[in-house]
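Assemble the complex: chain A is given as a structure, and chain B must be docked to it using the hints.
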Amino acid sequence: MTVMKRLPIPAAAPALLAAAALALSGCGDVDDGGSASAGADKGGKTLTVFAAASLTETFTSLGKTFESSHPGVKVRFNFGGSSTLAQQIVQGAPADVFAAANTTTMKTVTDRGAASGQPTVFARNRLVIAVSGSGESKVKGLSDLADRGLKVVLCATQVPCGSAADKALQAAGVKVTPVSREQDVKAVLTKVRMGEADAGLVYRTDVRAASGQVKGVEFAESAKAVNDYPIAPLAEAPQPALAKEFVGLVLSQQGRTVLTRAGFEAP
Amino acid sequence: MTRPPGTARPPAAGPDRDRGLGRPPWMLVLPALLGLAFLVLPLAGLLVRTPWSTLGTRLAEPQVLEALRLSLVSATAATGVCLVLGVPLAWLLARVPFPGARLVRALVTVPLVLPPVVGGVALLLALGRRGLVGRWLDEAFGITLPFTTAGVVLAETFVAMPFLVISVEGALRAADLRYEEAAATLGATRWTTFRRVTLPLVAPGVLAGAILCWARALGEFGATITFAGNFPGRTQTMPLAVYLALETDPQAAIVLSLVLLAVSVIVLAALRDRWVNA
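Taken in sequence, the protein lines are chains A and B. FYI, the working numbering numbers position 38 of the first sequence as 38, with every residue one higher than the one before it. FYI, the working numbering numbers position 78 of the second sequence as 1078, with every residue one higher than the one before it.
Looking at chain A on its own, in the form it has when it is part of the complex:
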């Protein structure tokens, strides 16, 4: 392998490209379940929260609030696809709190007795049509997505945003042939943002977070496919007391304000 010996010169090139690409795509939602572990950090306590990718912005902000009101406590997040997180919890990942993007994935956790008590719905999210932010789009409503000349991307049926999309389209009686069924909602957003797709169904909060680059088109049928976000402290939580307090913060008025600002609705 003569090639390997001479590698050092442009070692920075891929790193630069990587940074640029990540900044453009916002595709940092690859889960890193393995790195999340609870335990003592320099004598302090660490609270580990597993939360749906769509909660990244709001929960990060709430985590900071929690840390400042609990000196010595560090909040660590594992954001990812709800179903993946649920699998990790069922397989014994050390987590204190789980917040999912729909009730079905929470059920896989409660069915195994991995949650402590009943989960509480703390927010609701609805779908909007994301179209490119530049220029005028011809997409005005859900029925426009049936146009075969339009490149539409949806979430895969296996993930919450995909089943919600199917439900909304079915309620509207619109038949859409997507060019791709993406692995999560951020991937759909990326395809629209980069101009590869003309339109995609994403959550209202995602459009809010990417404002300027994509525009959201609201549609009436989204009321038929509203996602409930449940949260629960976990049965095997290393920090059960802190877990309850964090859930309390999310459910509090302060939590509601942060969530509403991001585009979530009250349950």
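These are calculated hints, taken from the structure and not from any lab test. The model shown is predicted, which means the values in this text are computed figures rather than measured ones. We put the beta carbon where it would ideally sit given N, CA and C, even for glycine. Treat the hints loosely; a few may be bogus.
Short derived list, chain B residues pointing at chain A, Cβ under 8 Å [what the hints assert, rightly or not]:
{"#": "1", "residue": "1039"}
{"#": "2", "residue": "1147"}
{"#": "3", "residue": "1225"}
{"#": "4", "residue": "1231"}
{"#": "5", "residue": "1235"}
{"#": "6", "residue": "1247"}
{"#": "7", "residue": "1248"}
Structure of chain B alone, referenced to chain A:
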């Protein structure tokens, strides 16, 4: 691939070739066995959890066969593209001195270093509908590559090509130059020499590289889902199907992984018997 690509074949290859060299030292045998165990253990984990009773019905699902067919077709096509472009590139690097060769050699390894998802984004920026080259392709010919099977082949080619180039370049550097010089003194052009002398000489290295390349393409996930998306029958290869099955039905994901594994092991073993040990 017991031998590094391109190294000369020992004259007495066979089970008793190390006769007279003494017993294998434990300093080598122990780490070798540990290494083997480390590689095989995850496989054992898969096998233990396999839902054998429902294996048949799961395999009969049309989506599984579709994904498998697409995986085999696209990995083979990607290997073909890698051979057509990668062998000449390796030859250039090994035989023609030019300024900046070291830089080019390092650039060839970029796809190895790049996380595949980032590779997919880079491909979108280059060949997407609004990409550097893709925009022109779309305007001039109406060709858009993302969300197509051709896009899958491209993503796999991008990720797998370095394996071929590195293998073949290693083989070319290890090959005895005197054969090529002899051909030249006998009046052969460089093209004839390449076809009649160089290529047969490094054939084992090319084959080893092609096998690595194919295996890497078959397992490709990140660049494919990012660049080509996921649509059954068109861009959903086995790794993508496995990933999505994992979301809701981990048992199905295990079955799909096993199928992919079994098919690739069978193909690679058949190839080895056919060519490498011939």
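| said: Check the structure against each numbered hint from earlier and tell me which ones fail, lowest number first. | reply: When the structure is compared with the hints, only number 1 turns out to be violated.
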